[in-house]
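Heads up: the sequence lines are chains A and B, in that order.
What the first sequence shows, in the working numbering, is residues 1083 to 1204, in sequence order.
What the second sequence shows, in the working numbering, is residues -13 to 230, in sequence order.
What the hints contain is simulated information worked out from the structure, not anything from laboratory work.
Check before you lean on any hint, since a few could be wrong.
Computed cross-link-like contacts, DSSO-like style, restricted to lysine-lysine with a CA-CA straight-line distance of at most 27 Å [as the list claims (entries may be wrong)]: (1) A:K1116 with B:K87; (2) B:K50 with A:K1155; (3) B:K31 with A:K1155; (4) B:K87 with A:K1155; (5) B:K(-1) with A:K1139; (6) A:K1139 with A:K1116.
It should be emphasised that the depicted structure is a prediction, and the values quoted were computed from it without experimental measurement.
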Amino acid sequence: MIDPNLKRGSAELAVLSVLSAGALHGYEIARRIKEQTGGVLAFDLASLYPLLYRLEKDGLVSAEWEESSSGRKRRCYQLTGAGRARLAPLRQQWREFFGALDRLTGFGQAMGIPAPVEASHG
Amino acid sequence: MAEAMPDFARLVKLRMGRYAATAGDDVVCELAGHLEDLYGELLSKGLTPAEAEREALAWAGDWKRLERGIEDAREGKMMERMPKILLPGAVALFVSVWGQKQLWRMGWSPTMTSHYYRGLVEYHGWGGMPLHWADAPWLLVLVVSGALGAWLCRLMGGNWRQRIWAAELPTLCTLVLLAVLIFIGLPIEYFHGSLAPARELVVAWLSFMLTNMLLPGVALLVGALLVELLPTLTRRAGGRLSRA
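My request is simple: use the sequences and hints to build the entire structure.
See the structure below:
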């Protein structure tokens, strides 16, 4: 059983990472995460929107309504400065976490996954 | 022939129930837009419109979890929300107890309980008031208490559910008191050998719950509903006056 805090942290990392490429609406965020993880990570409404609203409340993302050419309104999310600042250490934490697991289990080597590169702390 | 898009906004509102109003049109519109996109994707994968609608709604996940998640995300976790309920609720409780004390000072004591669980109510009436109206002044105090609790909760940004909880806090306190009386009083009576027959106990508890919980609970709820309805009624009355 995965610790809920770990799961929540991974969901936050996934959303912030996808948004680092540019502003997206909820459906597109979910679609890209699913596509880029080969379907391993999939968000339903109940897991995506509470997370987006929390990130917005925490000031890590901002949202604006936009109207498409067909007249449909969509709420687009983008990373704020605080969100970008949060993403770098979050990535580092997860890199360290997976590195530690890998060293412990040898799982990455057995699967032929290259060992994570330790980022230097300047 | 192109199939018409299902009305996902309506379907979302239907599934979210009363919370849809609390969450607001923006949230409903956003969730519906997401489902419309998903519906379109499923259609392009070859599903029939009925299948695509069913799949999209099933994919949405647990609506109760969604509701809780949005509430937590927007208003903080339960512990962060508690002051919005407890502070106005405490005021409602204080006013209800204070109001009852004032009535007692004025000679109001329509209910006499001879024993905590044999508490069949004896009505004495009050100031020439007909017997069955004797509780009316107290219930009126409770209406005001409930309205005050709900109004303060609204001022603190509480949603409709929190306003109801705040208004009903005095009833919850009575419930706790009853539970304490039962769990402490019953064993004492049992070991003392003076435990009343089960049937008598049940009747006494039911009468206690009716007079000390159900009726007051309804009165407090009426107060909370007044706070909900008064702004609407005032707006309507104002609209009529301005038209006239």
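How the hints compare with the structure:
1. The suggested pairing of K1116 (chain A) with K87 (chain B) is violated, with an alpha-carbon distance near 63 Å, which exceeds 27 Å.
2. A C-alpha spacing of about 25 Å is found between K50 (chain B) and K1155 (chain A), which places the hinted pair at or below 27 Å, so the restraint holds.
3. A C-alpha spacing of about 24 Å is found between K31 (chain B) and K1155 (chain A), which places the hinted pair at or below 27 Å, so the restraint holds.
4. Between K87 (chain B) and K1155 (chain A) the CA atoms are separated by roughly 57 Å; this puts the pair beyond 27 Å, and the hint is violated.
5. For the proposed pair K(-1) (chain B) and K1139 (chain A), the alpha carbon gap of about 23 Å is at most 27 Å, so the pair holds.
6. Taken as a hint, the K1139 (chain A) and K1116 (chain A) pair is honoured in the structure, with Cα atoms around 24 Å apart against an allowance of 27 Å.
Violated hints for the displayed structure, listed by number in ascending order: 1 and 4.
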